[in-house]
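This is what each chain is made of:
2 protein chains.
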Amino acid sequence: MTSNGTNRTLRLRQRPEGRIDDSTFELVEEPVPEIGPGEALVRTLYLSIDPTNRAWIGETPTYLPPVGIGEVMRAGGVGQVMASNTDKFAVGDLVSGLTGWQDYVVAGDSGIPFTRVPKELNVPPEMLVGLLGISGLTAWYGVERIGKPQEGETFFVSAAAGSVGSIAGQIAKIHGARVVGSAGTKEKCDWLIEELGFDGAVNRKDDHWRKQLKQACPDGIDVDFENVGGEMMEAVFAMLNVHARVVLCGLISSYNDNEPPPGPRSFGNLLVNRVHLQGFIILDFLPHSQEAAAQLVQWAMEGKLKDEHTVVEGLEKAPDAVNMLFDGDNKGKLMVRVADVPVAA
Amino acid sequence: MTSNGTNRTLRLRQRPEGRIDDSTFELVEEPVPEIGPGEALVRTLYLSIDPTNRAWIGETPTYLPPVGIGEVMRAGGVGQVMASNTDKFAVGDLVSGLTGWQDYVVAGDSGIPFTRVPKELNVPPEMLVGLLGISGLTAWYGVERIGKPQEGETFFVSAAAGSVGSIAGQIAKIHGARVVGSAGTKEKCDWLIEELGFDGAVNRKDDHWRKQLKQACPDGIDVDFENVGGEMMEAVFAMLNVHARVVLCGLISSYNDNEPPPGPRSFGNLLVNRVHLQGFIILDFLPHSQEAAAQLVQWAMEGKLKDEHTVVEGLEKAPDAVNMLFDGDNKGKLMVRVADVPVAA
Chain A
3 MTSNGTNRTL
13 RLRQRPEGRI
23 DDSTFELVEE
33 PVPEIGPGEA
43 LVRTLYLSID
53 PTNRAWIGET
63 PTYLPPVGIG
73 EVMRAGGVGQ
83 VMASNTDKFA
93 VGDLVSGLTG
103 WQDYVVAGDS
113 GIPFTRVPKE
123 LNVPPEMLVG
133 LLGISGLTAW
143 YGVERIGKPQ
153 EGETFFVSAA
163 AGSVGSIAGQ
173 IAKIHGARVV
183 GSAGTKEKCD
193 WLIEELGFDG
203 AVNRKDDHWR
213 KQLKQACPDG
223 IDVDFENVGG
233 EMMEAVFAML
243 NVHARVVLCG
253 LISSYNDNEP
263 PPGPRSFGNL
273 LVNRVHLQGF
283 IILDFLPHSQ
293 EAAAQLVQWA
303 MEGKLKDEHT
313 VVEGLEKAPD
323 AVNMLFDGDN
333 KGKLMVRVAD
343 VPVAA
Chain B
3 MTSNGTNRTL
13 RLRQRPEGRI
23 DDSTFELVEE
33 PVPEIGPGEA
43 LVRTLYLSID
53 PTNRAWIGET
63 PTYLPPVGIG
73 EVMRAGGVGQ
83 VMASNTDKFA
93 VGDLVSGLTG
103 WQDYVVAGDS
113 GIPFTRVPKE
123 LNVPPEMLVG
133 LLGISGLTAW
143 YGVERIGKPQ
153 EGETFFVSAA
163 AGSVGSIAGQ
173 IAKIHGARVV
183 GSAGTKEKCD
193 WLIEELGFDG
203 AVNRKDDHWR
213 KQLKQACPDG
223 IDVDFENVGG
233 EMMEAVFAML
243 NVHARVVLCG
253 LISSYNDNEP
263 PPGPRSFGNL
273 LVNRVHLQGF
283 IILDFLPHSQ
293 EAAAQLVQWA
303 MEGKLKDEHT
313 VVEGLEKAPD
323 AVNMLFDGDN
333 KGKLMVRVAD
343 VPVAA
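So the protein sequences, as listed, match chains A and B. Residue 292 in our numbering sits at position 290 of the first sequence; the count goes up by one each step and never skips. Residue 191 in our numbering sits at position 189 of the second sequence; the count goes up by one each step and never skips.
Only chain A is shown next, with the shape it has when bound in the complex:
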């Protein structure tokens, strides 16, 4: 059933101080797990690399408990069913769920829940991780249900070249907003404007980012789709207009810190301008997935939404990929290819 009968797993060896390094994970080779009644064996194809991966290995519980020392690293991904003892999954099916950083995982009644990807949804597995994965659903929910940009409003999104930001900004454009994003290089800023159709971009590493932000948003900001936090969020909060919305989706600038950062000094503007702020994580809204996925696929087919992604090759590169994410070395969704294109069903 497998080429060598082994399951490579990346297990948490010790919690990192700051960045992930060679001592954080351990590669352990194990036998491919056996499946029992009601279970299926899933082979990991692509892993989704997300800021939350870093948060999950900190000391502090997030919306899920921290990954335990010795446990397989928790991660979302897309896989293919290789063997099945359940009617829920057939051999060859594509499935998405928390595969973890490993070649094989057991899905089923007593295992980890997975969602079968309908065969009619004839899209490549990369799109299942990106546009139709956690990132795309997160962008859709945050823009459609919280930010609600109106025609002519100014929509700001931080980490705009990232997986969520690149989709969120494009959705806001579809609604006719003036869209401005931040990114970490001049080249990515140009890409936002030239490739994704953004109206403005701010290079957060440029000394003059404050001036760029003001120039890009001459009428203030009506929606902040916040992925980053830190100094630029503070500046953005100070520019929020009356009845602005903050989609609080991520605070990646602090995930490598062991101490919480100072809060935004401009917090008071949330009161003065009667701002609506909503923290959210997509796990709360998975019931909306079908509606979101249908809309996203339609926009993609109509050419209104580009599914951009950066692929890193090989399971063993997953820890490096998380660091790449924090260094901003990706455009669009960052993912790891673990196995070749799917086996025909």
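Treat the hints with caution; some may be incorrect.
Derived list of chain B stretches under chain A, where covered just means 3 residues or more per stretch with a C-beta under 8 Å from a C-beta of chain A [what the hints assert, rightly or not]:
id, region
1, 269–275
2, 281–287
Listed next, with one range per pair, are the computed distances between beta-carbon atoms [to be verified]:
id, chain 1, residue 1, chain 2, residue 2, range
3, A, His-290, B, Glu-304, 40 to 46 Å
4, B, Met-326, A, Thr-187, 52 to 58 Å
5, A, Asp-286, B, Met-326, 42 to 48 Å
6, A, Thr-64, B, Glu-304, 41 to 47 Å
7, A, Glu-293, B, Asp-209, 49 to 55 Å
8, A, Pro-35, B, Ile-195, 54 to 60 Å
9, B, Gly-70, A, Gln-300, 33 to 39 Å
10, B, Val-313, A, Glu-153, 21 to 27 Å
11, B, Asn-260, A, Thr-64, 55 to 61 Å
12, B, Val-313, A, Arg-17, 54 to 60 Å
13, A, Thr-64, B, Glu-293, 38 to 44 Å
Every beta carbon over 10 Å from chain A, so not counted as near; a handful from chain B, in silico [said to hold, decoys possible]:
id, residue
14, Glu-36
15, Glu-315
16, Glu-318
If you're looking for bench data, these hints aren't it; they were derived computationally from the structure. Note that the Cβ used here is the ideal one computed from N, Cα and C, for glycine as well.
Based on these hints, arrange chain B on the given structure of chain A.
Chain B in isolation, oriented as in the chain A frame:
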């Protein structure tokens, strides 16, 4: 028509650094204003003393422009119509609106808008400033439309012995929440529990306030009705439960500062626990006033809601009264009596 034909006005002489002092306002005696067609002359009975009074004389525009140097101090209040050239107001009517710090003000088409208090609403003018004034409406809107405490949830309100807090906490009790408030003295904390029926109280000036807060909220906090900001808000944010609500109503701890304070270090918990935060000011929601007032009067008549207030005598004491507010020297609504009980219509 008046005892001495003069209108005492308190005009802004210079913007204070920090607290209001003797150099901030100037008492100017002027003739009682003449009224033109469509106008009415209103005699101020009670002035509402609110944190926003202090914010309005800072350099920074709030939701209204700063009061200009030389202008009569802006303030809400209740008055009585003394003369009228309009069908909208009859002599003897009670009216509420922005009277300002002065004995007389002109209401009408070309003047400052006032709302006539229906004669059927047979309540004392103090209640029009307190429970049925800005404070009561603010408390009602914040609890009913944003905080929405459910039976058994923990509802925290800062400045709980103040005008808004004392009403907000009582409304949350009506909904069956566990209600905990902060105040600045042991005596006020006792008053919250014994007189207003709160379940717990935290003395913000006690060295052990953090411990008191934890003990009073063993199951975390589901609603924060925030009037104060600062260190205790930071501690409260860290205790917010999943899907908690923050009613961002005031940040009085910073209104005397010339520089914005650091934001809350626990800001990240708004994301982790998917918190809904809404900044609001009651001026946005005046269309709800009638519904709110009807409900508040009913609760008061049923004995479920106590209308507590502290009265300071004399227009000239209004500046001191604002400082009293920041010192926390009031229980319930703080107001200034400018003139005697209403003249019979």
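Check your understanding: Honestly, which of those hints from before does the structure not fit?
Key -> 9, 10, 11
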